[in-house]
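So the protein lines, in turn, are chains A and B.
Residue 1 is where the first sequence starts when you use full-length UniProt numbering, and the numbers rise one by one after that.
Residue 1 is where the second sequence starts when you use full-length UniProt numbering, and the numbers rise one by one after that.
Hints in this document: simulated from the structure, not taken from any laboratory.
Just so you know, these numbers come straight off a predicted model, no measurement behind them.
It is possible that part of the hints are untrue.
A partial selection of chain B residues facing chain A, derived with a Cβ cut-off under 7 Å [unchecked claim]:
#1 MET22
#2 LEU123
#3 GLU126
#4 VAL128
#5 THR132
#6 CYS133
#7 PRO157
List time: in silico DSSO-like cross-link candidates among lysine-lysine, alpha-carbon distance up to 27 Å [as the list claims (entries may be wrong)]:
#8 LYS52(A) x LYS33(B)
#9 LYS153(B) x LYS32(B)
#10 LYS83(B) x LYS85(A)
#11 LYS52(A) x LYS121(B)
#12 LYS232(A) x LYS221(A)
#13 LYS85(A) x LYS87(B)
#14 LYS159(B) x LYS52(A)
#15 LYS159(B) x LYS30(A)
#16 LYS86(B) x LYS159(B)
#17 LYS78(B) x LYS121(B)
Backbone N, C-alpha and C define an ideal beta-carbon position, used for all residues, glycine too.
Spelled out from the first residue to the last, the chains are:
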Amino acid sequence: MVSDFFFPNFGGVESHIYYLSQCLLKLGHKVVVMTHAYGNRSGVRYVTNGLKVYYVPWRPFLMQNTLPTLFLTLPIVRTIIIREKISVVHGHQAFSTLCHEALMHARTMGYKVVFTDHSLYGFADAGSIHMNKVLQFTLADIDQAICVSHTSKENTVLRSGIAPEKVFMVPNAVDTAMFTPSPKRLSCDEIVIVVISRLVYRKGADLLVEVIPEVCRLFPKVRFIIGGDGPKRVRLEEMREKFSLQDRVEMLGAVPHAQVRSRLISGHIFLNSSLTEAFCIAILEAASCGLLTVSTRVGGVPEVLPDDMIVLAEPAPEDMVRAVKKAIDMLPGIDPQVMHLRMKKLYSWDDVAKRTEIVYDRAMQSSTTNLLDRLPRYLTCGSWAGRLFCIVMIINYLLWRLLEFLQPAEDIEVVPDIGPLQAQIQRDDLCEAQENQI
Amino acid sequence: MNQEQKCEVPCGIYTYEHHCRMGVDIHEIFVKKSRLRVVLSYIGIVFLLVNVSQPLLAKESLSLGSVWNITFAVLVAKCFQYKPVKKESVVIMPAFGVQVEIHFWSGRVDRRFVPIGKILKPLINECVTPVTCYWSLTLLLRDEEELLLVFQKSRPPVKMLVPVWKALCTLTNSEHLGPSIVDEPNSSEE
Chain A
1 MVSDFFFPNF
11 GGVESHIYYL
21 SQCLLKLGHK
31 VVVMTHAYGN
41 RSGVRYVTNG
51 LKVYYVPWRP
61 FLMQNTLPTL
71 FLTLPIVRTI
81 IIREKISVVH
91 GHQAFSTLCH
101 EALMHARTMG
111 YKVVFTDHSL
121 YGFADAGSIH
131 MNKVLQFTLA
141 DIDQAICVSH
151 TSKENTVLRS
161 GIAPEKVFMV
171 PNAVDTAMFT
181 PSPKRLSCDE
191 IVIVVISRLV
201 YRKGADLLVE
211 VIPEVCRLFP
221 KVRFIIGGDG
231 PKRVRLEEMR
241 EKFSLQDRVE
251 MLGAVPHAQV
261 RSRLISGHIF
271 LNSSLTEAFC
281 IAILEAASCG
291 LLTVSTRVGG
301 VPEVLPDDMI
311 VLAEPAPEDM
321 VRAVKKAIDM
331 LPGIDPQVMH
341 LRMKKLYSWD
351 DVAKRTEIVY
361 DRAMQSSTTN
371 LLDRLPRYLT
381 CGSWAGRLFC
391 IVMIINYLLW
401 RLLEFLQPAE
411 DIEVVPDIGP
421 LQAQIQRDDL
431 CEAQENQI
Chain B
1 MNQEQKCEVP
11 CGIYTYEHHC
21 RMGVDIHEIF
31 VKKSRLRVVL
41 SYIGIVFLLV
51 NVSQPLLAKE
61 SLSLGSVWNI
71 TFAVLVAKCF
81 QYKPVKKESV
91 VIMPAFGVQV
101 EIHFWSGRVD
111 RRFVPIGKIL
121 KPLINECVTP
131 VTCYWSLTLL
141 LRDEEELLLV
151 FQKSRPPVKM
161 LVPVWKALCT
171 LTNSEHLGPS
181 IVDEPNSSEE
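Just chain A, with the same shape it has in the complex:
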């Protein structure tokens, strides 16, 4: 698994990589994660169940992204792939430069590559246009791709021009064992609406500034708990001051993920005001804790929860207030325990891992082609971009051959395979039991 985004940084992509890796380890596969160094966290680390993580000492330069160097990451990617006996390289997130470079190098070296897109992107602004061109380059020669919702699949196919048959839809999931409802049902005398998100533009923090005062005005027994931090926090603080809502709107600041569940179970309704979401794991976590969700109808959100667990609204203040009213009316009929049990059946990371395994099997079955056969695929990316991409791949190929000459693959020592940690502990226990019997 390759991405710029992994723990200790926290977010949806990071959780996805972690949980998917853990479930793939349980299925008996070998999983190695490669990311960039975070501060002093550099080198090899082993996390739960012996999941090996390479924190390569390339410093991030912009929004946790490694500096794009095109070819300088080839030696370390090659070394890791050879020493760990990797067969499939799985990149995550279109915004990750390390992901794109690693997939390019893996493809040059003849390995199978899979890409998962976690976010929706636009088509019109300069940043999106460049991002889409990079995505076109990466997906021009991909074996298989995965998207987290049907909306995301449509978005990825349109942005990159990849054949839809190559794109699988495997949704995210939620750790229902961690997100359990409160054992004691909350009283409905006071309705608590919880908001936990980064307070940034794309998460709809500006919408919240419009919605909260109106809801507080219409429903005297409603109060809000807002967790999260970001540049828009100042606007929310100003709103509190302006409408004197200090006793009805509680600002928690940044909430560590370990405390999210305890904050969620203190509420009845979870409010999500995102302006764009490919999937939205946050509403899964809220539903698993037994909260009724009110969310904007954007991106892949309508695909996430059944209609009786979520009230959707257009990303406009009036419609959101209407949706909150509808949710408050629905509350007496909501049983958090029943909701939690339904979520357990609907979403599990084991299911995501099994479906991802199918994608890997399909990728392994795809034919191995040489450079000359692969180059025409890049020409479809554009009249000038296509030629540029071909030149980049030719240079990458030549550099790879040079590395093969300077440091043959046989000279790179393979890491001994010790297997997942649980299997190791069980083997040790078995040996001890056998020794005791003797």
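Take the given structure of chain A and dock chain B to it, following the hints.
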């Protein structure tokens, strides 16, 4: 009693030798001299001398351009500098300690002795750099934050590190089986 056992294992540019003498366990890694690097180091020195002597011989005043040239030549000479290592050895003296030595072709020898009580654990560590990843043998020392690299200048293959590591483990285990030592609790990772 003089007892000498010798075992030699070559691999690429490294040759591993192990011998015991008078109860002392000696593990040595010999490194083949790289002729290419010797030539490059001479080229770097010549390049530096040319850049330094040019403004002197031309009898010009020291301009900004010549300062840049000299600075660049110093950097090139530094990059190409080659202090060839002849061998690196680990001398294990039971119940006493470990001495790590670096022998250069110039005749210089760097030695560092680590008393046995200072060694917490020998480790085979995976080191990751921006361009590569390799195995190294290190010593975890008590009351010190940094690991001590046993082979500081060379990167021998892991199959050469394993017997040295096992010998160091035997040394530290025999020390721990002696008078009881209260281990400090491991600090958790952040």
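Comparing the hints with the structure gives:
{"no.": "1", "hint": "MET22", "result": "violated, 34 Å"}
{"no.": "2", "hint": "LEU123", "result": "violated, 12 Å"}
{"no.": "3", "hint": "GLU126", "result": "holds, 4 Å"}
{"no.": "4", "hint": "VAL128", "result": "holds, 5 Å"}
{"no.": "5", "hint": "THR132", "result": "holds, 5 Å"}
{"no.": "6", "hint": "CYS133", "result": "holds, 5 Å"}
{"no.": "7", "hint": "PRO157", "result": "holds, 6 Å"}
{"no.": "8", "hint": "LYS52(A) x LYS33(B)", "result": "violated, 36 Å"}
{"no.": "9", "hint": "LYS153(B) x LYS32(B)", "result": "holds, 13 Å"}
{"no.": "10", "hint": "LYS83(B) x LYS85(A)", "result": "violated, 35 Å"}
{"no.": "11", "hint": "LYS52(A) x LYS121(B)", "result": "holds, 22 Å"}
{"no.": "12", "hint": "LYS232(A) x LYS221(A)", "result": "holds, 26 Å"}
{"no.": "13", "hint": "LYS85(A) x LYS87(B)", "result": "violated, 32 Å"}
{"no.": "14", "hint": "LYS159(B) x LYS52(A)", "result": "holds, 22 Å"}
{"no.": "15", "hint": "LYS159(B) x LYS30(A)", "result": "holds, 23 Å"}
{"no.": "16", "hint": "LYS86(B) x LYS159(B)", "result": "holds, 20 Å"}
{"no.": "17", "hint": "LYS78(B) x LYS121(B)", "result": "violated, 35 Å"}
The structure fails to meet hints 1, 2, 8, 10, 13 and 17 from the earlier list, while all remaining hints are met.
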